[in-house]
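The lines below spell out each chain.
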Amino acid sequence: MRRITKGLAALSSVALAFTLVACSGDKEPAASDNKAADPASLSAELTWWDTSDAKNEGPVFQDLIKQFNAKYPNIKINYQSVPFADAQNKFKTAAAAKTGAPDILRAEVAWVPEFASLGYLYSLDDSALLADASDYNETALASNKFDGKTYGVPQVTDSLALLYNKELVEKAGVTVPKTWAELKTAAQTVKKKTGVEGLYVNPAGYFTLPFLYGEGGDLVDTANKKIVVNSAQNVAGLNIAKDLIDSGASVKPSATDSYGTMMTLFKEKKVAFIVNGPWEVANMKAAPAFGGLENLGIAPVPAGSARAGAPIGGHNYVVYSGVPQEKAAAAVEFIKFMNSAESQAALADKLGVLPTRKSAYDVASVKSNAVISAFKPVIESAVNRPWIPEGGQFFGPLDTMATEVLVQNKDAKASLDAVAQKYKAEVVPSYATN
Amino acid sequence: MSTVTAGATPRSSTLRRNWDKHWAAWAMVVPVVAVLAVLIFYPLVNGIWLTFTNQTEANQLAEICTKSITGGEVCKENPNAWSFVGLDNYVNVLTGKIGEFWQWTGTTLIWTVAGVAFHYGLGLGLAVMIHREMRFRGFYRVLLVLPWAVPAFISAFAWKFLFNEQLGLVNSLLNAVGIDSVAWFADKWTALFVAVITNIWLGVPFMMVALLGGLQSIPEELYESAEIDGATPWQRFRNITLPGLRPVSMTVILLGTIWTFNMFPIIFLVTEGQPAGATEILVTGAFRAAFEGIRNYSLASTYGVLILSILLIFSVFYRRVLRKQGEVW
Chain W
1 MRRITKGLAA LSSVALAFTL VACSGDKEPA ASDNKAADPA SLSAELTWWD TSDAKNEGPV
61 FQDLIKQFNA KYPNIKINYQ SVPFADAQNK FKTAAAAKTG APDILRAEVA WVPEFASLGY
121 LYSLDDSALL ADASDYNETA LASNKFDGKT YGVPQVTDSL ALLYNKELVE KAGVTVPKTW
181 AELKTAAQTV KKKTGVEGLY VNPAGYFTLP FLYGEGGDLV DTANKKIVVN SAQNVAGLNI
241 AKDLIDSGAS VKPSATDSYG TMMTLFKEKK VAFIVNGPWE VANMKAAPAF GGLENLGIAP
301 VPAGSARAGA PIGGHNYVVY SGVPQEKAAA AVEFIKFMNS AESQAALADK LGVLPTRKSA
361 YDVASVKSNA VISAFKPVIE SAVNRPWIPE GGQFFGPLDT MATEVLVQNK DAKASLDAVA
421 QKYKAEVVPS YATN
Chain P
1 MSTVTAGATP RSSTLRRNWD KHWAAWAMVV PVVAVLAVLI FYPLVNGIWL TFTNQTEANQ
61 LAEICTKSIT GGEVCKENPN AWSFVGLDNY VNVLTGKIGE FWQWTGTTLI WTVAGVAFHY
121 GLGLGLAVMI HREMRFRGFY RVLLVLPWAV PAFISAFAWK FLFNEQLGLV NSLLNAVGID
181 SVAWFADKWT ALFVAVITNI WLGVPFMMVA LLGGLQSIPE ELYESAEIDG ATPWQRFRNI
241 TLPGLRPVSM TVILLGTIWT FNMFPIIFLV TEGQPAGATE ILVTGAFRAA FEGIRNYSLA
301 STYGVLILSI LLIFSVFYRR VLRKQGEVW
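If you read the protein sequences in the order shown, they are chains W and P.
Counting along the first sequence from 1, when you hit position 358 you're at 358 in the working numbering, and nothing is skipped either side.
Counting along the second sequence from 1, when you hit position 253 you're at 253 in the working numbering, and nothing is skipped either side.
Worth flagging that the hints you see were computed from the coordinates, not collected in a lab.
The model shown is predicted, which means the values in this text are computed figures rather than measured ones.
Certain hints may be false.
[To be verified] Below, computed lysine-lysine pairings styled on BS3-like, alpha-carbon distance capped at 25 Å:
| # | chain 1 | residue 1 | chain 2 | residue 2 |
| --- | --- | --- | --- | --- |
| 1 | W | Lys269 | W | Lys191 |
| 2 | W | Lys226 | P | Lys97 |
| 3 | W | Lys145 | P | Lys76 |
| 4 | W | Lys252 | W | Lys242 |
| 5 | W | Lys424 | P | Lys97 |
| 6 | W | Lys413 | P | Lys97 |
| 7 | W | Lys226 | W | Lys424 |
| 8 | P | Lys97 | W | Lys98 |
| 9 | P | Lys97 | W | Lys225 |
| 10 | P | Lys21 | W | Lys92 |
Bound-form chain W, shown alone (with noise of 0.2 Å):
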């Protein structure tokens, strides 16, 4: 159970050669020493758990697995669609219970170091789905490790930029902002010359900390273990985010619903700036009243005195640990080929969710994705978030925080305080504070 036969290196390798020669510009390490090995003796029964959006991200998903099957016919994938709000709990409990857990998991990015520290997942170092470890993008693929090993792949990296109506835009005669402040008197135009809304800043902890790594402010710093959250520029990026709805440049955001409020907003053209991610790509495409892809307009979120910064995000195919010696073979060659260069592309063509593998976005089809290429340069300049176990419970104590500054204009150096002493009381005691 334990040990790896030769049989399955060669296994790897083949079907290296197979999946990722075909579209991939840099040279795959060759199959040269092993005769080919038929990728239909490979059998084993999969769970995948898919977190992405049932209704318009899985039928794609499920199409890919089809293909998966035309090549490997004894590999039967159980697909089962786990809404992402519950996955991670989910995962959680069956894991500890040692039953009911899938053998594939598509996780979210702060949830891989945390699975990890608990022993749930497999390290796949020295695996075939590493073996071209360079190909991936570096910000993407930090998610992914934790204490010196690697424990998945990302599978689609995203990060917030600034969405427009195109057809407002131009409406009222404004280019699209590169600063917040450019932003502020863009909203106030729109909202003057259109009579709609100018912009909805969503009063939830991720989406303010394009405000606060935008004057230079970070949650921790990991390197020296120390709490920053309460730092003076976060506590500027705040006052940005809250001026943008004193003002009346943003609408008077909710404390509950408000993600799905901006949306239903935005879609039915009754504001004009949002900032948020590719994820709802394929939900505005869907989305005759706003006029289609063609009428949304992406640009990298706008910056503050030091930066334009966003978070990155995103998601990665993992193995759970219980999975039997036997099967993972062919489940790395099911996540080999569910995150290959052309998997890849066709999600992008399909959805417009962005690669991670730099050599899919060599593939001609995405080259010439408007989509893709716009929110390229976010991407690229996106921040990395602290890889930390504790990372995902950062962000209950900051929605708490983002919606006692936005919605009941309290100080936001007061509720930053009470943040960092939140982290240092519950999240990471080790670490100093300010």
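With the hints as your guide, set chain P onto chain W.
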């Protein structure tokens, strides 16, 4: 247990005879006792034990093993394995170092009192109204029980959407009559108001049905003779209806209190604890504290024990009050 009248016999033989006579009854009780022990007693004791440790999902194992997909497994001693911490959990929770215990308790009390008062008041009013002979009585009864039949989470989402600040019906209606939109979920009290309204909508049918049953058990003759004696409707209500309903009322109020106290879905779904955790009640706050992020079993148990203690104290107190008033319950 039935006693045997064998005053002078030694204890063992009393037991013996008791067994001989009632063995079948004992044998039938055993499964129940066993099930109770497994389902209630063991988890309870285990839960109480957990509160004296610092066990979480991350430190429950003494050893964490990492398997490599290419074979091999490395096991490392968990550097932060759990330990016995005495009363630390209780101190942390009660002093507010972790969570907002006292704020949640305060909100829970307001939530419970408001909920039960309106449930009972409205339930009684409606029960009295549809107890009388009238046309379409059956139709009204069905209509009034309807909220009960709809799954709670559907009602919760419906009410939440009605009060949505940008898209909701309530603000549209307010705007139509010239009143500005209200930011319902931006303030603790308006958010709590929406939650209480939802809870009333959900809880009144139960009270109404229970009280209607109680009303039907009050003999009609009492009202007739009172009427002959010239009692006003208010006097009849106070002196016949209310005392007649007392046994039912006491039970449903106790049940309603415990249910509302632990009513998780409404707060969790309607206000989501917003704004900024201000409408969190004990059960929802405890859930978030214990199960969001790395799951904290010891903290969850601590909240559980505290909530159980509050309800136990309340029930004991309530029973004592009832006994003083001569109720046998």
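For this structure, which hints from the list above don't hold up?
Numbers 8, 10 - these are the hints that the structure violates, sorted from lowest upward.
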